[in-house]
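Residue-level listing of the chains:
2 protein chains.
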Amino acid sequence: RGEWMEEVEPYGLIGKIKAQPGKRAELIALLSGGTGDMPGCVAYLIGEDLKDAEGIWITEIWKSRQYHADSLKLPAVQAAIAKGRPLIAGFETHVETRPVAGVGIRG
Amino acid sequence: RGEWMEEVEPYGLIGKIKAQPGKRAELIALLSGGTGDMPGCVAYLIGEDLKDAEGIWITEIWKSRQYHADSLKLPAVQAAIAKGRPLIAGFETHVETRPVAGVGIRG
Chain F
1198 RGEWMEEVEP YGLIGKIKAQ PGKRAELIAL LSGGTGDMPG CVAYLIGEDL KDAEGIWITE
1258 IWKSRQYHAD SLKLPAVQAA IAKGRPLIAG FETHVETRPV AGVGIRG
Chain B
1198 RGEWMEEVEP YGLIGKIKAQ PGKRAELIAL LSGGTGDMPG CVAYLIGEDL KDAEGIWITE
1258 IWKSRQYHAD SLKLPAVQAA IAKGRPLIAG FETHVETRPV AGVGIRG
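Going line by line, the protein sequences match chains F and B.
In the working numbering, each residue carries its 1-based index in the first sequence increased by 1197.
In the working numbering, each residue carries its 1-based index in the second sequence increased by 1197.
Worth flagging that the hints you see were computed from the coordinates, not collected in a lab.
Watch out, some of these pointers could steer you wrong.
Copies of one chain are not kept apart here, so a pair can be met inside one copy or by any two copies together.
What the hints assert, rightly or not - Think about it this way: if two alpha-carbon atoms lie no more than 20 Å apart in a straight line, the pair counts; the simulated SDA-like pairs of lysine to any residue are:
id, residue 1, residue 2
1, 1248, 1298
2, 1260, 1286
3, 1220, 1237
4, 1220, 1264
5, 1280, 1298
6, 1215, 1260
In isolation and in its complexed conformation, chain F is listed as follows (with noise of 0.2 Å):
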């Protein structure tokens, strides 16, 4: 049970993004790029679905939701959102979670 797990109120998201055909590799590393130190992000987990070759989930966990709220005016994730607009098709998927436990997670 990390430090993050003490927060008042961990908020996850969980999506689906259908890349557009043949863009999926580019799409991940916009997304993994912008990532790396975003303030409040407990978890950002990338995967490509095996059976949609153009279907990329993305976890994330966050200490609170104003954090998410927040990262979504940082300039590099505003950059990235730019960029990979033109790459997205659509997305299939998009729920809210409350984290409630977390194997393997840092702190």
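Keeping the supplied structure of chain F fixed, place chain B upon it in accordance with the hints.
Chain B only, in chain F's frame:
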């Protein structure tokens, strides 16, 4: 980029479990308890769906598909499955992934 990323083929799962009405907390306690030290388990994150009172989302990262398969044979995991089965209404999402980036993961 942690050590776990250097495995030949890390394996991920993202799933949604629906608990029986009123049984989500009990099921989460069971899921959390059985997963402390499974060999090859890089991350095991559990979150409550904010919009579905019975929904539980689990994001898993394993060093390989084989480690995950082997974990299902562990006595502690088999005991948790047996205890958990009557608390589960169904599985709504079950996606296999290839984890490609992870901020916040130990190792």
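Going through the hints against the structure:
1. 1248 x 1298: between (27 Å within a copy, 18 Å between copies)
2. 1260 x 1286: Neither: 29 Å inside a chain and 30 Å across chains, both beyond 20 Å.
3. 1220 x 1237: neither (29 Å within a copy, 31 Å between copies)
4. 1220 x 1264: neither (29 Å within a copy, 30 Å between copies)
5. 1280 x 1298: Classified as between: cross-chain Cα gap 19 Å, same-chain 34 Å, threshold 20 Å.
6. 1215 x 1260: neither (27 Å within a copy, 25 Å between copies)
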